[in-house]
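Colleague: Letter by letter, the chains look like this.
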Amino acid sequence: MDKLKNFIDENRQEFEEFKAPEELWAGISQRLKEEKHFPILTEEKQSKKNKQVNKTVKMYSFSRSMLMRVAASVLILLVAGITWVSYKIDALEDDPPLSKTEAYYEQIFHAKLTELKQYENDDLFDRDLLIDIQELEEIYNDLKNDLKEDANNEQVVEAMIRNYRVRIELLEKMLNEIKLKKNPNGKGIYPKNEGTHEKDKSI
Amino acid sequence: MQAVTDIPRPAGQINKNLEASNSDIHKYLIERCLENDSKAQYQLYRQYADAMYNVCMRMVKNEDEAKDLLQEAFVEAFTKLHTFRFEASFGSWLKRIVINKCINLLQKKRLLTISLEDSKSARRISEETQDDSYTQYEVKLVQKAITQLPEGCRVVLNLYLFEGYDHAEIGEILNVTESTSKAQYSKARKKLREIIEEEKKRLKLI
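Chains as they are written, first to last, in the UniProt record's numbering: chain R, 1 to 203; chain P, 1 to 206.
No lab work stands behind these hints, which were simulated from the structure alone.
Any given hint could turn out to be false.
[As the list claims (entries may be wrong)] Covered stretches of chain R, going by a simulated chain P footprint (3 or more residues, C-beta under 8 Å):
no., segment
1, 7-15
2, 24-34
[Claimed, not checked] Heads up, simulated DSS-like pairs for lysine-lysine below, C-alpha to C-alpha not over 27 Å straight-line:
no., chain 1, residue 1, chain 2, residue 2
3, P, Lys67, R, Lys19
4, R, Lys19, P, Lys140
5, R, Lys19, P, Lys80
6, R, Lys3, P, Lys144
7, R, Lys33, P, Lys201
8, R, Lys19, P, Lys61
9, P, Lys61, R, Lys5
10, R, Lys5, P, Lys204
11, P, Lys201, R, Lys5
12, R, Lys5, P, Lys200
13, P, Lys27, R, Lys3
14, R, Lys5, P, Lys80
15, R, Lys19, P, Lys109
16, P, Lys109, P, Lys144
17, P, Lys61, R, Lys3
18, P, Lys144, R, Lys33
19, P, Lys108, R, Lys19
Nothing here was measured: the structure is a model prediction, and the numbers come from that model.
Glycine included, each C-beta is placed from N, C-alpha and C at the ideal position.
Using the sequences plus the hints, can you model the full thing?
Modeller: The structure is reproduced here in structure tokens:
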């Protein structure tokens, strides 16, 4: 009889001295979660017994995780799509009003300028003022370039509109003075600011 | 409830009885585990973790490696649970996974080399062997002595004495012949006795 074996068997409990560290389960359950989402398909093929139950379970969890991934992908694409489209719409919507506004002021500005040109030889025709206006036009072009870099900067757009208004106001002021001199009884054809301000509200 | 929390050990007759009474509870737990019920997985883990951890510690003698092996083994057990057929006890099925993991690691580290030439001297050694009475030895002394055995025969001794395998099964596990297993066990016993005698002498001198 093997006395060593007897000795071990009799004192077996004393030989079981170690306790499994509690933290090990966390690692195991984490790994199991990962395995659940990426089942080893080859192992599934090998199994014969319990195959039906297990396969259903695994396929279910697999297809569910696939579904989640597909859903997540669709969601991301959708959000990205919406963001892009709304950005484009913003850009499209922002653009027409500005170009419209620009065209509107441009038209008035040129009308005034053309009108003013017929008084070119008048004493009150202020060439210095025209130089100022030209400077303002240059500032305007700078602002327009700024806007290309920062398409949605409202401050720049506001400055551009103010710039046009100032230029138009200056032309109107000069025209009014000349016309007032030529027709002292009249109140002036272009009352100060009125022409532009009314239209502004519609923009 | 006592039966559930007890550690099943196939080596002893009492443990076999315990396992039998556990089998229904096990079947229920295992079926829930197959449905990826994490609570059931934890319950099953809790029942076997300590016993399996001791198996690992005996086999690899290293805490960090034992922890890794235990994790690996349980992950494999749960992911391969559908291959468990309820023929053997869950405990011995699980233990086989644990032991295979341990042996793979030892073989990777090239520590486990069992030379076939030992089988020639198997009979001679076992005939020579005269069993001392081990009851006089302290458990701690034997335990310490086992860790000092050469790797090959130590593994055989562990599998035979602690994990309850016979030499045919050990031969299968280690991919050696039954007689090699027997020879390794005899060698282990002889060396063990030598180590214990040395230790006793040393202790007396001190």
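Colleague: Next step is simple, just say for each hint if it's right about the structure.
Modeller: Each hint tested on the structure:
1. Here's how the segment 7-15 of chain R fares: 8 of its residues keep a CB closer than 8 Å to some CB of chain P, so the rule of at least three is met and the hint holds.
2. Figure legend: the segment 24-34 of chain R, annotated as covered by chain P; annotation consistent (7 residues with Cβ-Cβ distances under 8 Å, at least 3 required).
3. For the proposed pair P:Lys67 and R:Lys19, the alpha carbon gap of about 11 Å is at most 27 Å, so the pair holds.
4. For the hint linking R:Lys19 to P:Lys140, the alpha-carbon distance of about 17 Å falls within 27 Å, and the restraint holds.
5. Pair hint R:Lys19 plus P:Lys80 holds up; C-alpha atoms about 25 Å apart against a cutoff of 27 Å.
6. Proposed proximity of R:Lys3 and P:Lys144 is supported: the alpha carbons are some 18 Å apart, at most 27 Å.
7. Using a Cα cut-off of 27 Å, the hinted pair R:Lys33 and P:Lys201 is violated, with the two alpha carbons roughly 54 Å apart.
8. Proximity of R:Lys19 to P:Lys61 is assessed by CA-CA distance (about 14 Å); at most 27 Å being required, the pair is judged to hold.
9. Note on P:Lys61 and R:Lys5: the hinted pairing holds, with a Cα-Cα distance of about 21 Å set against a maximum of 27 Å.
10. The suggested pairing of R:Lys5 with P:Lys204 holds, with an alpha-carbon distance near 26 Å, which does not exceed 27 Å.
11. With a C-alpha separation of about 23 Å, the suggested pairing of P:Lys201 with R:Lys5 holds against the 27 Å cut-off.
12. Restraint check for R:Lys5 and P:Lys200: satisfied, since their Cα atoms lie roughly 20 Å apart, inside the 27 Å limit.
13. Using a Cα cut-off of 27 Å, the hinted pair P:Lys27 and R:Lys3 is violated, with the two alpha carbons roughly 37 Å apart.
14. Pair hint R:Lys5 plus P:Lys80 does not hold up; C-alpha atoms about 33 Å apart against a cutoff of 27 Å.
15. Restraint check for R:Lys19 and P:Lys109: the C-alpha separation of about 25 Å stays at or below 27 Å, so the hint holds.
16. Using a Cα cut-off of 27 Å, the hinted pair P:Lys109 and P:Lys144 holds, with the two alpha carbons roughly 22 Å apart.
17. Proximity of P:Lys61 to R:Lys3 is assessed by CA-CA distance (about 24 Å); at most 27 Å being required, the pair is judged to hold.
18. A threshold of 27 Å between alpha carbons decides the hint, and for P:Lys144 with R:Lys33 the separation of about 39 Å lies outside it, so the pair is violated.
19. Proximity of P:Lys108 to R:Lys19 is assessed by CA-CA distance (about 26 Å); at most 27 Å being required, the pair is judged to hold.
When held up to the earlier numbered hints, the structure conflicts with 7, 13, 14 and 18 and fits the remainder.
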